[in-house]
Amino acid sequence: MAELWVLADKAETAKELLAHAKSLAGDETIACLTGSAETAEAAAAHGADRVLLYEGGSRPESYVPHWCERARLERPAALLLGADRRSKEIAARMAARLQAGLISDCVKLERREGFYSERYLFGGLCLAGETTGSAPFLATMAAGKAQPLPAGAPASVEKVTVSCDDAVRRIDLRPHRSASNLMEAKVIVCAGRGVAKQEDLKLAEELARALGGEVGCTRPVAEERHWMPEENYIGITGKKPAPELYITLGVSGQIQHMSGVRDSKCIVAIEKNDGAPITEAADYTIIGDLYEVVPKMLAELRS
Amino acid sequence: MKIIACYKWTLDEADIRVDEGTRAILKNRAQYRISPYDRNAIECGVQLVEAQGGEVAALTVGGPEVAASLKDVLSRGATRAVWVGQAETAALDAAGTALTLAAAVKRLGEYDLIVCGEGSSDNYAQQTGPRLAELLGIPVLTYASKIELEGNILRVERKLEEGIEVVEAALPALVTVLPDINEARIPGLKQIMAAGKKPTEQYAMADLTLTAEDIRPTAQQESLLGAVTDRKRVLLKGENAVKELVSILKAEGIC
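In the order they appear, the protein sequences are chains A and R.
With our numbering applied, the first sequence corresponds to residues 104 to 406, in that order.
With our numbering applied, the second sequence corresponds to residues 328 to 582, in that order.
Treat the hints as calculated values from the structure; they're not laboratory data.
It is possible that part of the hints are untrue.
Claimed, not checked - Calculated cross-link-like contacts (lysine-lysine; reagent style BS3-like; alpha-carbon spacing at most 30 Å):
| # | chain 1 | residue 1 | chain 2 | residue 2 |
| --- | --- | --- | --- | --- |
| 1 | A | 248 | A | 211 |
| 2 | R | 577 | R | 329 |
| 3 | A | 399 | R | 564 |
| 4 | A | 375 | R | 433 |
| 5 | R | 564 | A | 305 |
| 6 | R | 559 | A | 305 |
| 7 | R | 398 | R | 517 |
| 8 | R | 559 | A | 248 |
| 9 | A | 375 | R | 517 |
| 10 | R | 564 | A | 248 |
| 11 | A | 262 | A | 289 |
| 12 | R | 525 | A | 368 |
| 13 | A | 300 | A | 248 |
| 14 | R | 525 | R | 398 |
| 15 | R | 524 | A | 342 |
| 16 | R | 433 | A | 342 |
| 17 | R | 524 | R | 433 |
| 18 | A | 289 | R | 564 |
| 19 | A | 289 | A | 305 |
| 20 | R | 570 | A | 375 |
| 21 | A | 262 | A | 305 |
| 22 | R | 559 | R | 398 |
| 23 | R | 517 | A | 342 |
| 24 | A | 300 | R | 570 |
Please build the complete structure, drawing on both the sequences and the hints.
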């Protein structure tokens with residue numbers, strides 16, 4: 104019987120992908136292939152019918168040739184991966200080896216005649232709906248688009264030991280030191296280019312603290328000015344959080360940024376220019392100088 | 328050393344409009360430019376060659392509009408530019424692009440390093456680099472924020488969600504770079520003048536023995552619509568703006 108495959112390194116990703124696979128499965132069963140024992144265990148309990156735990160690789164990427172070899176033999180109908188950077192590399196390499204198409208950053212996936220997928224183009228400006236008829240279908244799925252299935256009776260985990268001839272060697276892996284927790288935050292204050300000096304980020308921090316939230320920034324603030332670590336920038340190419348309240352300070356509202364926060368419940372902008380694109384993309388915009396508005400807001404929140 | 332820097336000639340999305348009524352995409356006012364991510368790829372190649380000697384061949388594939396990109400890419404420091412002419416750029420997906428680039432790379436001859444941007448500004452599928460490496464059978468190091476060469480060994484810092492991964496591989500290899508790897512130079516008048524004298528070359532798909540069938544996309548586009556932002560768009564001005572906002576947020580139960 105044909106299978107749908109989920110390929111994941113992280114347990115959270117695997118659980119979401121299994122939920123996607125479940126919603127797509129016709130008469131197929133679902134297999135999870137992973138190089139992580141923790142992920143294997145999570146997948147076995149959350150919807151996989153079969154789990155293959157690979158051993159012998161030095162990095163998740165090590166298994167690309169082995170997974171492709173198995174895909175050629177077992178001919179799964181679809182292969183689903185996460186949209187994190189490692190997974191996107193793995194997916195693209197597998198698609199090239201399998202001479203298959205690959206839909207990146209899918210925000211919606213349905214089974215019609217073939218697989219119907221939706222993804223954003225031009226920095227989030229437009230949404231493309233596409234149908235893929237040929238097999239195998241490959242997609243990387245945007246995070247947060249499926250609810251993990253409840254834990255059930257665990258499926259069996261089969262160990263597969265392989266030897267890997269890695270052309271790329273890992274020398275070191277240094278975890279990020281950023282203490283921020285943007286993805287879980289209920290409130291986010293985002294600093295944009297309208298914040299004039301690095302020390303003025305304190306204003307954003309104070310506002311975030313008053314609201315029990317976290318501070319993020321736009322891509323230029325992280326990558327051009329280097330005022331905040333890269334893992335704090337928000338946008339279609341960075342973090343895509345979905346807070347209850349998203350407050351921008353001096354953010355003009357370019358599409359690449361706003362696309363990253365489209366799932367926010369309420370967007371508030373503090374912006375000098377009443378013609379800025381952010382006014383079209385926010386629920387509420389206070390037209391004013393952030394250096395005057397933020398202290399007023401802090402006072403109002405404390406009263 | 329011989330470096331190939333790949334780039335894509337893309338529409339500047341800042342000038343693409345969405346029709347409010349039909350949600351149609353209006354591209355008529357948008358101009359083409361080198362995809363911003365690829366400017367960092369070109370810069371990366373040029374800096375390596377400036378330090379080590381050698382040449383950077385800029386390589387692209389696309390329709391007739393791509394002709395205008397050649398002088399641009401040469402003004403950014405590439406030694407020569409090669410363009411694979413294709414009927415229509417938009418008709419290529421990442422698989423077709425990678426297949427075409429792979430064929431062109433083989434025709435270009437020996438190389439040490441291929442540099443690509445992490446993704447393109449239009450599709451941002453982030454597939455072309457890793458696909459190209461697989462088709463050529465060379466190691467790929469993606470999402471590089473720092474790159475070092477020691478003899479034949481390429482060492483790269485990859486910025487991943489979980490942290491910084493330091494990896495190395497022997498040349499020839501392919502690297503995809505993040506925008507923060509460098510600051511791409513802005514060409515001056517001198518560079519623009521000099522660009523006109525640098526060699527350019529055009530390959531036809533037939534030169535690469537590729538047919539339309541080989542590069543046909545696997546997915547059929549069903550729809551392309553402007554993304555809707557369903558927001559309240561309330562402007563608050565004047566003395567009481569902050570008070571008003573805080574009371575609205577409190578009433579909505581979000582602060």
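Going through the earlier hints one by one, which of them does the structure break, listed in rising order? Hint check: 2, 4, 9, 10, 11, 12, 13, 15, 16, 21, 22, 23 fail, others pass.
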